[in-house]
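Asks: The sequence shown: position 101 = 101 (my numbering), numbered continuously.
Simulated DEER-style distance windows between Cβ atoms:
no.	residue 1	residue 2	range
1	Glu-83	Leu-115	15 to 23 Å
2	Ser-99	Thr-22	13 to 21 Å
3	Asp-38	Glu-114	33 to 41 Å
4	Tyr-117	Ala-65	15 to 23 Å
5	Gly-58	Trp-80	30 to 38 Å
6	Glu-83	Thr-110	13 to 21 Å
7	Asp-33	Glu-83	17 to 25 Å
8	Pro-39	Thr-98	19 to 27 Å
9	Ser-36	Glu-114	25 to 33 Å
If you're looking for bench data, these hints aren't it; they were derived computationally from the structure.
We treat Cβ as the ideally placed atom computed from N, Cα and C, and that holds for glycine.
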Amino acid sequence: MNVIRAFILGATVAMLAGCAATERPDVERVAEDFASGDPPARCALLAPAALAAVEREGPCLAEVAAAAPPGGEVLQSSVWGDEAQVRLSDDTLFLTRTSAGWKVVAAGCTANGELPYVCRLEGP
Numbered sequence: 001m002n003v004i005r006a007f008i009l010g011a012t013v014a015m016l017a018g019c020a021a022t023e024r025p026d027v028e029r030v031a032e033d034f035a036s037g038d039p040p041a042r043c044a045l046l047a048p049a050a051l052a053a054v055e056r057e058g059p060c061l062a063e064v065a066a067a068a069p070p071g072g073e074v075l076q077s078s079v080w081g082d083e084a085q086v087r088l089s090d091d092t093l094f095l096t097r098t099s100a101g102w103k104v105v106a107a108g109c110t111a112n113g114e115l116p117y118v119c120r121l122e123g124p
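Build out the structure end to end from the sequences listed, making use of the hints.
Replies: Given below as C-alpha cells:
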C-alpha cells in the first residue's frame, strides 16, 4: 500500500513539474517583452490589479517609464501554478496567469534578504 502511495505522489509531483516547465517559455516571453518594451507595451502587459495600483500614483506611461528599469536577459524562471517569477540580469518580475494570459504583477524588484522582495512597480 505504501508503495502505491509513493508512486502516486511521485507521479503527481512529476506531472506538476512538467506543467510548470511547459509554462516557462510563455512566462519568459512576457518578461522579455515587458523588459524590452516601451511604456505603452509595458502598460498593456500589467495585470489589471497592478495597472490599477500604478494608475493611482499617476498615468501608467509615466509610472512604468520611471519605475521599471530595462530588465536584460532571462537568468532564471520559476512557475508555481498561476504565479511565476522571472529573474533578469537587471530586474526581477513577478507574473500571474489571467484569462488574457500571463501578466506582470510586480517589476523593478530586488531581493530583501528573508523578507519579501521590494518592488518599485506592483499591484496590491
